[in-house]
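Asker: So you can see what is in the structure, the chains are spelled out below.
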Amino acid sequence: MDEKEDTTPFPREPWQKLLAEDGDRPPETTDARIRAAARRDLAPRGRRWWLPASLVASFVLAVFVVQSQFGTLRVPVMSESDRGVGGTIHARLVEREDADAARPPGQAPAAAGTRRAKSDSNAETDDYGYPDAAIAADSAGSGPRIGGPERELQAANEMPGDLEPTAAPAPVQPAQPAAQAAEPVLAEASHETGREELAQVVASAREARRADAPQEPPATTRIRPPPYEKTPEAWYAYIEKLRAQGKDVEADRQLARLEKAYPGWVERYLRDHPRE
Amino acid sequence: MGDGDADAQLMLRYASGDARAFDALYANHRSALWRFIRRTVPDAAATDDVFQECWSRVIAHRESYRPEARFATWLYRIAHNCCMDHWRRSGRRSARETADEDAVLGAPDDPAAEPLSAALEGESAARLAAALERLPPEQRAAFLLYVEGGLSIAEIGEATAVNPETAKSRLRYAVARLKQSLGTEAPD
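Keeping their order, the protein sequence lines are chains A and B.
As numbered in this note's numbering, the first sequence has no gaps in its residue numbers, which increase by one up to the final residue, 1182.
As numbered in this note's numbering, the second sequence has no gaps in its residue numbers, which increase by one up to the final residue, 225.
No lab work stands behind these hints, which were simulated from the structure alone.
Heads up, the beta-carbon is just placed ideally off N, CA and C, and yes, glycines get one too.
Pairs of lysine to aspartate or glutamate, DMTMM-like flavour, derived with a Cα cap of 20 Å:
| # | chain 1 | residue 1 | chain 2 | residue 2 |
| --- | --- | --- | --- | --- |
| 1 | A | K1147 | A | E1165 |
| 2 | B | K216 | A | E919 |
| 3 | B | K216 | A | D928 |
| 4 | A | K1136 | A | E1173 |
| 5 | A | K1136 | A | E1165 |
| 6 | A | K1166 | A | E1156 |
| 7 | A | K1147 | A | E1173 |
| 8 | A | K1136 | A | E1156 |
| 9 | B | K216 | A | E927 |
| 10 | A | K923 | B | E170 |
| 11 | A | K1136 | A | D1158 |
| 12 | A | K1166 | A | D1154 |
Below, a sample of chain B positions facing chain A; criterion: calculated Cβ distance under 8 Å:
| # | residue |
| --- | --- |
| 13 | A56 |
| 14 | F88 |
| 15 | W92 |
| 16 | E185 |
| 17 | G187 |
Restraint-style ranges between C-beta atoms, simulated for each label pair:
| # | chain 1 | residue 1 | chain 2 | residue 2 | range |
| --- | --- | --- | --- | --- | --- |
| 18 | B | V199 | A | V962 | 52 to 60 Å |
| 19 | A | V966 | B | N118 | 43 to 51 Å |
| 20 | B | P104 | A | V966 | 45 to 53 Å |
| 21 | A | T914 | B | S53 | 30 to 38 Å |
| 22 | B | A97 | A | P933 | 16 to 24 Å |
| 23 | B | A97 | A | T935 | 18 to 26 Å |
| 24 | B | S161 | A | L957 | 52 to 60 Å |
| 25 | A | T914 | B | D86 | 28 to 36 Å |
| 26 | A | R945 | B | A213 | 41 to 49 Å |
Produce the entire structure from the sequences given, and follow the hints as far as they go.
Answerer: Below is the structure:
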């Protein structure tokens, strides 16, 4: 086979011309479809960064929405098992740091506690005596969501009698320390409403506490220190009251906690206020 | 038909992301490739499918394209494979496909016996189309690859997976039969 016969055994052009005479060609729609496919196949190469970028944007948006909805992701939450002495002491230690920072040098911690109590009393409160800050925290979702009646009942449970010097101590059951706290508050109300109404309210509060007692507490809740721990003076008065009631074991335990929370304060207090 | 090297450069540019290079490449080969497929796959409806399938393979394999051979050789090899795939899928094998080529060549067609040819008598292009339709598929493919695709004998053999001697023989038989069908209207 020679070279020419391998490449062009006969001329193509006349045959090409004859074949092209019928004018047969692909339809326009086919042309458009193929050109579009060619461009479509090129396009994804430049847009491959869109997928990871959109995923990251979605994640950031979700975090932003959660933060704006619930205030902050780092709400101090403590489980029920953490509600022991250690947990309370930790909360108090944080407050002490704040108090030490705010206290002028040479002034007793009691003064800082008094200042704090005064500023708390100056804050605006709602109908149930809760400060605006607490309501704001509640509405922001960082506090427990409870309504007015629940707050009233909660106040009755939390308010100890030793912080109300005008309240007459009511007989209490040793196995129900929470009941001790509610009765003096209600007793103060008796000055206005009368003894009979007070007895009814006390009875209803006891019923409510009994109904709540068997229920399981929530798995997680926020720690709120007892009111008598707000100032060492109130705490010490509470201990004194325990001793007066003959609860020496509980009084010693509270005294040890007070010593841990305010080292040296009891000694200074006894020195400044010698017993008669 | 565009120059082989120019087409290869266009294909490389398209592989690197230049869509306009594909437009130029498509414009260079669309008509000839359409006619090649139209003659190889006489079913008009299937022609469009095979044509699009062929270009889809070009698009899909653009990154693996290497300009070791002419672009036309690569393109018509793809087109020939698409036509063969179509025949396999449809299960339609022409009776002439299995016939002996020399026997077919030895029995000249009677134009009067062909209704289509009779109807189209006097129109050279139509008569050529009809004559092509009567060719055995291997001869028709060799002829169309040579005329429409511009492939050499060796390239035809490569595209159809036969040796160059067989490709040359098929081409020679195809031309002889077409000349016999067209008579004096056949090109020299």
